[in-house]
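Start from the sequences and build out the full structure, keeping to the hints where you can.
For reference, the chains in residue letters:
2 protein chains.
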Amino acid sequence: MKEFAKAVLGFQEPVTKALQNTILTMPQSVQKIAEYALLSGGKRLRPCLTLIWYNMLKGANPIQHSTLSIYDSAIVLEMFHVASLLHDDVLDDADLRRGKESAHIKFGIRPCLLAGDALLATGNKLMAEFQNVALMSVISDALLKTANGEIEEIELAGKVPSHEQEYLSVIEGKTAWIIRSACLVGAIMAGASKEDQEKAANYGLNLGMAFQIVDDALDFSDESIIGKPAGGDLRERKCTPPIFMYLQSLTKEEQQEFIEKFSVLPSPIFEHQKQEKIGFTEQELAEITQKIIQAKYPEKTRELASKYLQKAEESLHDFTGQNKELLLEALEYVRSRNK
Amino acid sequence: MKEFAKAVLGFQEPVTKALQNTILTMPQSVQKIAEYALLSGGKRLRPCLTLIWYNMLKGANPIQHSTLSIYDSAIVLEMFHVASLLHDDVLDDADLRRGKESAHIKFGIRPCLLAGDALLATGNKLMAEFQNVALMSVISDALLKTANGEIEEIELAGKVPSHEQEYLSVIEGKTAWIIRSACLVGAIMAGASKEDQEKAANYGLNLGMAFQIVDDALDFSDESIIGKPAGGDLRERKCTPPIFMYLQSLTKEEQQEFIEKFSVLPSPIFEHQKQEKIGFTEQELAEITQKIIQAKYPEKTRELASKYLQKAEESLHDFTGQNKELLLEALEYVRSRNK
Chain G
338 MKEFAKAVLG FQEPVTKALQ NTILTMPQSV QKIAEYALLS GGKRLRPCLT
388 LIWYNMLKGA NPIQHSTLSI YDSAIVLEMF HVASLLHDDV LDDADLRRGK
438 ESAHIKFGIR PCLLAGDALL ATGNKLMAEF QNVALMSVIS DALLKTANGE
488 IEEIELAGKV PSHEQEYLSV IEGKTAWIIR SACLVGAIMA GASKEDQEKA
538 ANYGLNLGMA FQIVDDALDF SDESIIGKPA GGDLRERKCT PPIFMYLQSL
588 TKEEQQEFIE KFSVLPSPIF EHQKQEKIGF TEQELAEITQ KIIQAKYPEK
638 TRELASKYLQ KAEESLHDFT GQNKELLLEA LEYVRSRNK
Chain E
338 MKEFAKAVLG FQEPVTKALQ NTILTMPQSV QKIAEYALLS GGKRLRPCLT
388 LIWYNMLKGA NPIQHSTLSI YDSAIVLEMF HVASLLHDDV LDDADLRRGK
438 ESAHIKFGIR PCLLAGDALL ATGNKLMAEF QNVALMSVIS DALLKTANGE
488 IEEIELAGKV PSHEQEYLSV IEGKTAWIIR SACLVGAIMA GASKEDQEKA
538 ANYGLNLGMA FQIVDDALDF SDESIIGKPA GGDLRERKCT PPIFMYLQSL
588 TKEEQQEFIE KFSVLPSPIF EHQKQEKIGF TEQELAEITQ KIIQAKYPEK
638 TRELASKYLQ KAEESLHDFT GQNKELLLEA LEYVRSRNK
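Top line first, the protein sequences correspond to chains G and E.
So for the first sequence, my numbering puts the first residue at 338; every next one is plus one.
So for the second sequence, my numbering puts the first residue at 338; every next one is plus one.
Since the hints were derived computationally from the structure, they do not count as laboratory data.
Predicted model only: the values in this text are computed from it and were never measured.
Possibly wrong hints are sitting among the right ones.
Given that identical chains are not distinguished, each listed pair holds provided it fits within a single copy or across any two copies.
Stated by the list, open to error - The calculated lysine-lysine pairs, modelled on DSS-like cross-linking and capped at a C-alpha distance of 25 Å, are: (1) LYS443 to LYS611; (2) LYS343 to LYS589; (3) LYS611 to LYS395; (4) LYS496 to LYS369; (5) LYS598 to LYS565; (6) LYS614 to LYS443; (7) LYS369 to LYS611.
So, in structure tokens, the structure goes:
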């Protein structure tokens with residue numbers, strides 16, 4: 338793990354610099370919001386993945402640009418990621434993000450929506466500067482997957498997925514696709530073969546799936562660890578694996594009661610989500626959260642993530658060297674992360 | 338004018354069909370909003386301009402695609418335009434759009450924001466399918482200009498522009514750039530030379546500037562004509578030409594009072610816009626609106642638009658034939674439109 342942490346640390350300065358330069362091209366009113374959201378902490382996993390894949394696959398014909406560098410390509414998906422967080426926070430009305438005040442509480446809802454729009458547009462434009470069809474294809478896919486993933490997640494809120502695939506499809510759009518895209522951008526920038534590009538994409542997709550599944554496990558950790566109250570997904574009626582496992586442990590009658598209360602959203606967004614029924618009380622939410630933790634469903638959820646980490650590892654099979662080691666360590670980082 | 342109206346009418350069916358097909362690819366929850374916003378009236382000026390420029394310049398090597406047609410490329414900027422209207426309505430909290438209930442009143446604020454995001458992402462992806470760097474460059478520029486134009490307009494609200502350029506820069510981003518992009522897409526799809534592409538872009542930019550200037554004149558028309566109360570820009574503190582002309586007609590003292598009240602926004606978005614002072618009363622707003630109409634400042638604003646229509650006409654100098662006639666008629670349509 339030590340080498341991965343060192344590599345991540347080494348990338349921080351040039352990545353931060355590229356982010357700062359890009360923020361300066363944005364309209365003045367939203368620069369502060371972009372800074373707050375982009376420059377305050379976070380490991381910048383996405384840019385790091387782009388850079389490691391680029392370094393591993395860099396061949397005779399990398400994509401070059403007279404004024405932009407690989408770091409500029411590496412920040413685009415981080416910008417998309419942060420833009421989606423800004424819009425998410427507004428939609429979820431979350432008060433905390435990474436343990437600090439959410440941007441929309443600090444700056445207001447409408448400025449954050451505008452800042453999110455500007456980040457998406459600025460990132461998209463930055464990537465277009467490389468004048469490469471393959472890169473633009475990755476970026477337009479990522480934009481679409483993220484926008485639709487957000488909507489599908491909201492559509493599914495309050496519902497118990499009838500099939501695992503519904504949950505997996507949501508986390509693919511919500512998290513995994515951007516991580517996949519980050520790895521793929523590194524491979525394309527490196528001038529890698531189609532075959533190697535596909536391996537980068539597969540690695541990223543599976544790492545991203547595991548990342549979100551671990552995240553859904555971590556949602557049932559103590560507030561002092563994750564910087565927000567435990568059981569947030571239960572409150573927002575997102576039926577993640579720990580909640581699904583709890584549901585499975587109930588009797589048929591209890592299940593029916595649970596499903597009925599689960600369907601009442603604290604803050605419905607679409608018309609069909611509005612309900613007259615009564616949802617969980619605060620006490621019930623706290624009790625269910627405790628039961629989920631005691632039954633070790635978060636730990637069992639992590640086991641689910643292992644399947645994806647295994648697949649990600651298989652994508653690295655044909656590679657060797659120091660960068661492969663870093664990508665293997667990244668898998669361990671996701672497997673064992675506890676905040 | 339007759340031929341242009343006939344051409345516009347002829348384009349409606351294939352354009353509607355392309356829009357319907359694309360809407361079906363969007364997540365179900367936002368399809369109704371997209372339909373409401375995209376398929377209920379409007380002349381579809383932007384797609385029509387793409388199609389006329391395409392027809393005029395179509396040469397030996399137009400851009401082709403195995404499953405998509407020119408109509409698919411023509412709807413992308415209409416989708417961007419409608420997405421920006423959806424986000425605008427939410428930000429402005431406008432109740433009416435083209436005389437009917439705004440989408441966010443009918444469907445809710447958050448669904449409309451999500452629908453706007455999805456329209457932008459879907460349009461962007463649709464254009465990326467053509468796998469053409471020049472098209473993607475137009476599209477990424479349009480996305481950026483529109484996002485930033487929206488922010489710059491809000492930044493300028495409550496302020497009297499110190500220079501005409503500030504107003505012109507806002508309307509360029511808000512309206513003209515998308516119309517420019519629509520013409521340019523037609524030229525690129527046609528396989529036109531760089532020189533002809535530039536003429537299409539210039540025509541569109543100037544037509545778009547004129548379009549918005551006429552729109553700002555029309556804002557002081559009767560509610561029965563424009564489908565919303567007269568003087569909306571005054572209420573929203575957007576210092577358009579008719580308002581600027583009125584300000585110029587005041588004494589120094591009156592100007593000072595006007596500027597102070599004008600700076601108080603009914604609904605400030607950014608922190609620096611919040612004020613303790615007292616703004617215009619309803620009666621004052623109605624009186625100023627009447628004075629602007631009586632002084633014929635809307636008509637004088639239309640004269641300003643003529644300069645841009647003249648420039649647009651010059652861009653057509655080297656062309657001949659039926660499509661040129663349509664583009665000339667489009668200028669007359671913008672010049673004389675009264676709703």
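Right, here's what the structure says about each hint:
1. In this assembly of identical chains, LYS443 and LYS611 lie within 25 Å of each other by CA distance solely across copies; the values are 15 Å between and 29 Å within a copy.
2. Taking identical chains as interchangeable, the C-alpha atoms of LYS343 and LYS589 are never at most 25 Å apart, the minima being 51 Å within one chain and 65 Å between chains.
3. Proximity of LYS611 to LYS395 under the C-alpha cut-off of 25 Å is found in neither arrangement, the shortest distances being 52 Å within a copy and 52 Å between copies.
4. Taking the closest pair of Cα atoms, LYS496 and LYS369 come within 25 Å of each other only across two copies (21 Å); inside a single copy the shortest separation is 37 Å, beyond that limit.
5. In this homomeric assembly, LYS598 and LYS565 come within 25 Å of each other (Cα to Cα) only inside a single copy, at 23 Å, whereas the closest approach across copies is 43 Å.
6. Within a single copy, LYS614 and LYS443 get their C-alpha atoms only as close as 34 Å, which misses the 25 Å cut-off; across copies the closest is 23 Å, which meets it.
7. Taking the closest pair of Cα atoms, LYS369 and LYS611 come within 25 Å of each other only across two copies (17 Å); inside a single copy the shortest separation is 36 Å, beyond that limit.
Comparing the model with each numbered hint stated earlier shows that hints 2, 3 do not hold.
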